[in-house]
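Q: In order, the protein sequence lines correspond to chains A and B.
For the first sequence, position 103 (counting from the first letter as 1) is numbered 103 according to our numbering, and the numbering increases by one without interruption.
For the second sequence, position 90 (counting from the first letter as 1) is numbered 90 according to our numbering, and the numbering increases by one without interruption.
It cannot be assumed that every hint is accurate.
[Unchecked claim] If you only want the chain A side, here are some residues facing chain B, beta carbon under 7 Å, derived:
#, residue
1, 33
2, 38
3, 39
4, 43
5, 49
6, 108
The hints are simulated quantities; they were obtained by calculation from the structure and are not laboratory data.
Ideal placement from N, C-alpha and C gives every residue a C-beta, glycine not left out.
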Amino acid sequence: MNGILQLAQTENKIPVDSPVAVDPAVSLLQRRLDRERKTRAEAEAITEKVTRELYEKQRELLLLQTIAAASNEAQTVESAMQTALDRVCAHTGWPVGHVYLASAEGDELIPTTLWHLEKPEQFETFRRVTEKTRFPNGVGLPGRVLAAGRPIWVVDVTKDDNFPRAKQALDIGVRAGFGFPVLVGREVVAVLEFYSPIPLEPSEPLLLMMAHIGTQLGRVVERKRAEESLKRFAAKLESNNRELQDFAYVASHDLQEPLRKVQAFGERLKTRCTTLNDEGRDYLNRMQNAAARMQVLINDLLSLSRITTKAQPFCPVDLKQVVREVLSDLEVRIEQTEGRIEIGDLPTLDADPLQMRQLFQNLIGNALKFHRKDTKPVVTLSANNLGNGLCEIKVQDNGIGFEEKYAEKIFAVFQRLHGRNEYEGTGVGLAICRKIAERHGGTITAKGTPGQGATFRITLPVQQSRKGSTL
Amino acid sequence: MKGIVFNLLEHIVRREHGEDAWDGLLDSAKLDGAYTSLGSYPDADLFKLVGAASAALKLPADTVVRWFARNALPLLANKYPQFFQPHKSTRPFLLTLNDIIHPEVRKIYPGADVPVFDFEASADDVLVMGYRSPRKLCAFAEGLIEGAAAHYGEEVTIEQPRCMHRGDEKCVLRITFRKQQ
């Protein structure tokens, strides 16, 4: 025992207290060595510090990236908030995170059931009190974040005089806390709060990063708001549209009855009333012609509104067969005009059979009607597959054509380019064609050259979704 | 002041005057002399070392600083050739100080407090540089410019119509370049 002690003392003493005079050269070298050692230690400390900072930066970057990606992909605001809660807690190692939503007036925070809780049972009382408490502007940590519109840090909430939940915090071990706002522009739409079990001094870089996260989350809220307002707008538009269609249908339907009376009594006047003079008979004829024209207009309007109100479900339709039936209906007109119809290879596609028939009836009918006086009409029908599930059908004629500026106008209801005496019709045919194409999820466009002919291109999906479009 | 400056000074003193001279300077300046390039040290340390050298050599402090800078430049050119190679003469090299060289210095030496120069467009063989820094190290700038000129095989004359040491608000360095004969 003694020996060891003695040895230790001796070892200790020799270098320090040795009375032997040290060679100045050795002492100089020793000083240089010490200097180098100190320099190296300092360099290592710097390297360590920089490496640590780099690591921290990488973690921060990863956190921001993860939250940005989650915000982009989030289907709901809640899921984006939950990701933020979980990731921020993982990053800081803090066990408690919670979300408040701002009230519609923006003067109060309403607690949500969105939490990150490391040990739910430990923080149960805190959770219960929190979910029952609304924080007005400026009250508590969340209320202060709402008022300031920027992140706020509390070193120890149990010693803070503006923290209503201080008692629960003390009981369960909640100490430091910070909160940050979710901002849409300058509006605080939500506040996230986080708590640590020990008091901690504020970290400016952390708060700065939280401000960034708040902005990210704000974008999610903004996007969802825009989506919702778009949805509401679309729904309103659809309902307005439906009302208008119903109105058109009901109105034209109801107009038929009085018109039939006008026609019937006109007929009686003509056959039974022998006292009418020539002038009276002329008026009567003109009245009957007008009534007949009105009948046609009403019928056309009804067929237009029936495209949506009386639509049939889609089923496979062989367009070749449809065109054959149409040609049989138009037989007389083809003979009268000495027209020729050339039919290419037409496909079978999912469609409403009656509407397809109406579509080709109108297009071929028009092609025959608007032929040049001195030229026999030639109408060519062809189709080609555009890929991506679409098929284009082309109806081309050598008729009178039209000026390019009317290419859109001709599809509008009651739009006619010629006088009633030149060409019969109400100007509804092409409007019906467009409505049919659109109901099928397709399009119709026209191109014409005056005196040379017109070409109508209809693009239709080959297959329809099973539900069938209702437009 | 970044440690690299002290490292350069140590290197030059040891090379030109021997190991003992550096020890002697540290002793007279009462400094322990542990400087690592990335560390930051009080500006006063440099001035103490310059003062000690000035006393030992019986030369004005400015002359010591200028000598130090002139000798430091070849070491820098050797260590960071990428900043020197793109140029064929001193003038275009100096014009990259604010926008290229000093930003790079800040990347490698975070916290480096490098001065911003202002340049005055003048004749091809003249450049007027304004220098403003609480360190008032215009002599250091002069030495570096002379070193750079030597690097590019040029001779320069530097006049200082204005200098902070003479109570001016900033130093103005008027540099005239000449190709070496």
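Q: How about residue 108 of chain A: closest beta carbon in chain B under 7 Å, or not?
A: 45 Å, violated
Q: Under the criterion of a CB-CB separation shorter than 7 Å, is residue 39 of chain A in contact with chain B as hinted?
A: 4 Å, holds
Q: Does the CB of residue 43 of chain A sit less than 7 Å away from some CB of chain B?
A: 4 Å, holds
Q: Less than 7 Å between beta-carbons is the criterion; does residue 33 of chain A satisfy it with respect to chain B?
A: 11 Å, violated
Q: Hint validation: residue 49 of chain A versus chain B, beta carbon distance must be below 7 Å. Holds or violated?
A: 10 Å, violated
Q: For the hint on residue 38 of chain A, does the least C-beta distance to chain B fall short of 7 Å?
A: 4 Å, holds
Checked against the numbered hints above, the structure breaks hints 1, 5, 6 and satisfies the rest.
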